[in-house]
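There are 2 protein chains.
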Amino acid sequence: MTTPKAREEAVLEAVRERRELVNDAIPEELPIQRPERLYEASRYLLDAGGKRLRPTVLLATAEALADVEPLTTDYRTFPTLTGEPIDLMDAAVSVEVIQSFTLIHDDIMDDDDLRRGVPAVHREYDLETAILAGDTLYSKAFEIMLETGADPSRMVDALDVLATTCTKICEGQALDVTFEERDAIVPEEYLEMVEQKTAVLYAASACLPAILQGADQETIDALYGYGLDIGRAFQIQDDVLDLTVPSDKLGKQRGSDLVEEKQTLITVHARDQGVAIEDLVDTEDVDAVTEAEIDDAVAELEAAGSIDYANTTARDLVDQGKRRLEVLPNNEARELLCQLADYLIERGY
Amino acid sequence: MTTPKAREEAVLEAVRERRELVNDAIPEELPIQRPERLYEASRYLLDAGGKRLRPTVLLATAEALADVEPLTTDYRTFPTLTGEPIDLMDAAVSVEVIQSFTLIHDDIMDDDDLRRGVPAVHREYDLETAILAGDTLYSKAFEIMLETGADPSRMVDALDVLATTCTKICEGQALDVTFEERDAIVPEEYLEMVEQKTAVLYAASACLPAILQGADQETIDALYGYGLDIGRAFQIQDDVLDLTVPSDKLGKQRGSDLVEEKQTLITVHARDQGVAIEDLVDTEDVDAVTEAEIDDAVAELEAAGSIDYANTTARDLVDQGKRRLEVLPNNEARELLCQLADYLIERGY
Numbered sequence: 041m042t043t044p045k046a047r048e049e050a051v052l053e054a055v056r057e058r059r060e061l062v063n064d065a066i067p068e069e070l071p072i073q074r075p076e077r078l079y080e081a082s083r084y085l086l087d088a089g090g091k092r093l094r095p096t097v098l099l100a101t102a103e104a105l106a107d108v109e110p111l112t113t114d115y116r117t118f119p120t121l122t123g124e125p126i127d128l129m130d131a132a133v134s135v136e137v138i139q140s141f142t143l144i145h146d147d148i149m150d151d152d153d154l155r156r157g158v159p160a161v162h163r164e165y166d167l168e169t170a171i172l173a174g175d176t177l178y179s180k181a182f183e184i185m186l187e188t189g190a191d192p193s194r195m196v197d198a199l200d201v202l203a204t205t206c207t208k209i210c211e212g213q214a215l216d217v218t219f220e221e222r223d224a225i226v227p228e229e230y231l232e233m234v235e236q237k238t239a240v241l242y243a244a245s246a247c248l249p250a251i252l253q254g255a256d257q258e259t260i261d262a263l264y265g266y267g268l269d270i271g272r273a274f275q276i277q278d279d280v281l282d283l284t285v286p287s288d289k290l291g292k293q294r295g296s297d298l299v300e301e302k303q304t305l306i307t308v309h310a311r312d313q314g315v316a317i318e319d320l321v322d323t324e325d326v327d328a329v330t331e332a333e334i335d336d337a338v339a340e341l342e343a344a345g346s347i348d349y350a351n352t353t354a355r356d357l358v359d360q361g362k363r364r365l366e367v368l369p370n371n372e373a374r375e376l377l378c379q380l381a382d383y384l385i386e387r388g389y
Numbered sequence: 041m042t043t044p045k046a047r048e049e050a051v052l053e054a055v056r057e058r059r060e061l062v063n064d065a066i067p068e069e070l071p072i073q074r075p076e077r078l079y080e081a082s083r084y085l086l087d088a089g090g091k092r093l094r095p096t097v098l099l100a101t102a103e104a105l106a107d108v109e110p111l112t113t114d115y116r117t118f119p120t121l122t123g124e125p126i127d128l129m130d131a132a133v134s135v136e137v138i139q140s141f142t143l144i145h146d147d148i149m150d151d152d153d154l155r156r157g158v159p160a161v162h163r164e165y166d167l168e169t170a171i172l173a174g175d176t177l178y179s180k181a182f183e184i185m186l187e188t189g190a191d192p193s194r195m196v197d198a199l200d201v202l203a204t205t206c207t208k209i210c211e212g213q214a215l216d217v218t219f220e221e222r223d224a225i226v227p228e229e230y231l232e233m234v235e236q237k238t239a240v241l242y243a244a245s246a247c248l249p250a251i252l253q254g255a256d257q258e259t260i261d262a263l264y265g266y267g268l269d270i271g272r273a274f275q276i277q278d279d280v281l282d283l284t285v286p287s288d289k290l291g292k293q294r295g296s297d298l299v300e301e302k303q304t305l306i307t308v309h310a311r312d313q314g315v316a317i318e319d320l321v322d323t324e325d326v327d328a329v330t331e332a333e334i335d336d337a338v339a340e341l342e343a344a345g346s347i348d349y350a351n352t353t354a355r356d357l358v359d360q361g362k363r364r365l366e367v368l369p370n371n372e373a374r375e376l377l378c379q380l381a382d383y384l385i386e387r388g389y
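Chains as they are written, first to last, in this note's numbering: chain A, 41 to 389; chain B, 41 to 389.
Keep in mind the hints are simulated off the structure, nothing from the lab. Don't take every hint at face value.
Repeated chains share a single entry, so a pair holds when one copy, or any two copies, can fit it.
[As the list claims (entries may be wrong)] Straight-line C-alpha distance at most 20 Å; calculated DMTMM-like pairs for lysine to aspartate or glutamate:
hint	residue 1	residue 2
1	K208	E69
2	K289	E164
3	K208	E187
4	K292	E331
5	K302	D153
6	K302	E168
7	K208	E168
8	K302	D335
9	K208	E80
Being a predicted model, the structure only gives us computed values, none of them experimental.
Let's have the full structure, built from the sequences with the hints guiding it.
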């Protein structure tokens with residue numbers, strides 16, 4: 041039995057190894073070309089960092105499906121289930137490019153100043169360039185996916201997943217905006233929003249290799265479900281971490297969701313328990329809130345059982361997601377996907 | 041020999057007939073669904089009007105290729121060159137949806153208040169919703185194109201055209217932004233920018249039916265070239281009309297391009313002839329400029345031969361585009377595509 045710490049180390053190493061390959065591929069797939077300022081802005085967040093969790097899910101799922109030992113097969117000429125090779129790295133870069141496009145536009149919409157420790161694109165450049173950089177990444181994601189060289193009918197299915205995923209992300213973001221103006225959100229509504237805004241891109245990352253490699257529909261559906269489950273768990277854990285991780289480790293003010301009155305599974309539950317969420321923190325200015333205020337608010341949320349509720353919900357989703365992986369061959373890559381699921385809710389930040 | 045006026049009437053009638061069919065299809069392909077505000081904002085400009093010139097090009101090109109009498113064949117079950125039917129209306133709506141997405145984001149970038157006689161989406165709704173509405177239309181265009189039911193390998197080629205077209209539109213818009221900060225633009229640079237920003241969507245509209253119907257590469261390339269030619273001519277004519285059409289007919293202040301110091305083929309040519317473009321109009325406020333100031337400026341541009349130069353360039357492009365149509369069967373729909381090309385530079389507004 042490995043310890044959680046040892047497990048986390050193993051996952052982080054697996055993520056790191058794939059991240060390096062993805063990081064090498066990004067400038068190849070998205071070179072800085074004319075007009076340079078547009079492409080520099082498009083690459084800005086991609087180059088600033090990121091764990092590349094979604095590409096890791098995509099690449100590891102492909103390894104599990106192909107039943108190959110992890111990291112022994114070139115992702116650029118990766119075997120499908122019918123033999124002919126595809127460029128799987130293109131698919132991995134494509135989902136990361138979609139992720140980056142949504143971050144650029146989200147930062148404009150939320151008027152956030154910082155992302156990955158650097159200025160948001162609309163701060164580093166300007167609003168015009170940030171909108172255009174996101175729009176460029178959007179179509180580039182399709183162009184890059186089109187380069188995998190997969191069989192046309194599989195390619196059509198993959199592009200369909202990519203397009204519907206983008207639509208759902210927009211719908212989820214729009215729901216999130218309406219939630220900010222509403223009080224009585226029930227947990228199901230919150231989870232639906234998170235599914236659309238965050239989880240669908242994990243779902244796409246997990247099922248795209250199955251589609252491109254030619255797996256059967258049952259496998260594709262199970263992997264999509266795995267992605268939805270771990271993606272929702274990931275977002276819930278993000279909400280917990282916002283309350284529990286020291287600001288310096290978090291890279292932003294702890295409790296900022298409370299200050300900004302963002303709906304999370306924790307506040308949705310607490311309100312249902314009779315907690316007056318809007319009174320938990322007095323200020324609406326993230327720079328003005330004190331650690332003591334946040335401590336008191338967190339204590340009240342803990343007393344209402346809301347943090348436990350969020351943790352339990354995330355754990356249940358992860359366990360459900362892991363069970364769905366039984367459609368895959370029992371191999372090292374599948375084990376990695378299980379560990380990755382655990383990591384998403386056990387990670388400290 | 042028909043008169044230009046009679047020809048224009050015939051073209052307008054052909055556009056009107058197809059526009060009504062496209063207008064019926066838009067709510068079918070893009071219904072208002074949850075979250076309603078997002079979809080209402082996405083539909084706002086589409087519902088506000090528009091000539092549907094790009095869908096008309098697409099539908100008429102398909103009719104010419106299939107060698108059918110215009111408007112006698114259901115676009116929803118349109119014959120390909122290999123017999124099996126496709127839903128061509130989906131392709132027509134898809135390009136119009138792309139056009140609408142670019143208008144919504146362009147209006148944000150240019151901070152324009154009005155479009156098609158109604159407030160821009162970011163004015164009628166808000167910045168967040170306008171960004172998201174554009175993003176939603178972006179992926180919906182791909183989803184709608186995926187519904188044509190075309191053979192997968194043709195579908196892959198069609199989606200490739202759609203994606204690269206969107207990328208080029210972004211690149212063209214980015215070039216346009218950099219031009220605003222530069223003086224010495226040569227005509228070739230201006231035409232390259234217009235090609236990317238405006239003409240590629242006409243090119244896509246003309247070549248997509250050929251791809252979806254299974255035409256050969258020579259035909260696809262010729263139709264793409266026709267679209268590029270007439271799209272550039274269309275934009276040049278737009279620049280001419282901005283100077284020559286009375287404000288009330290134009291729907292905005294005549295000469296606003298001069299006031300806002302936008303680069304057009306006319307100003308690029310005039311500067312080359314030694315005209316001090318920045319001194320043509322004193323004010324930078326569209327609401328403060330007088331008709332007399334615009335009259336003087338236009339007279340100076342005419343004296344420099346710049347308006348003639350723009351007209352000649354547009355005419356040459358249209359003639360070149362029409363010659364490319366010789367790859368098509370000689371039929372009524374091809375004649376319409378020729379008339380449409382003429383209309384783009386003969387139209388009064």
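Inset, instruction - Any hints from earlier that this structure breaks? Give me their numbers in increasing order, please. - result: Violated hint (a single one): 2; every other hint is consistent with the structure.
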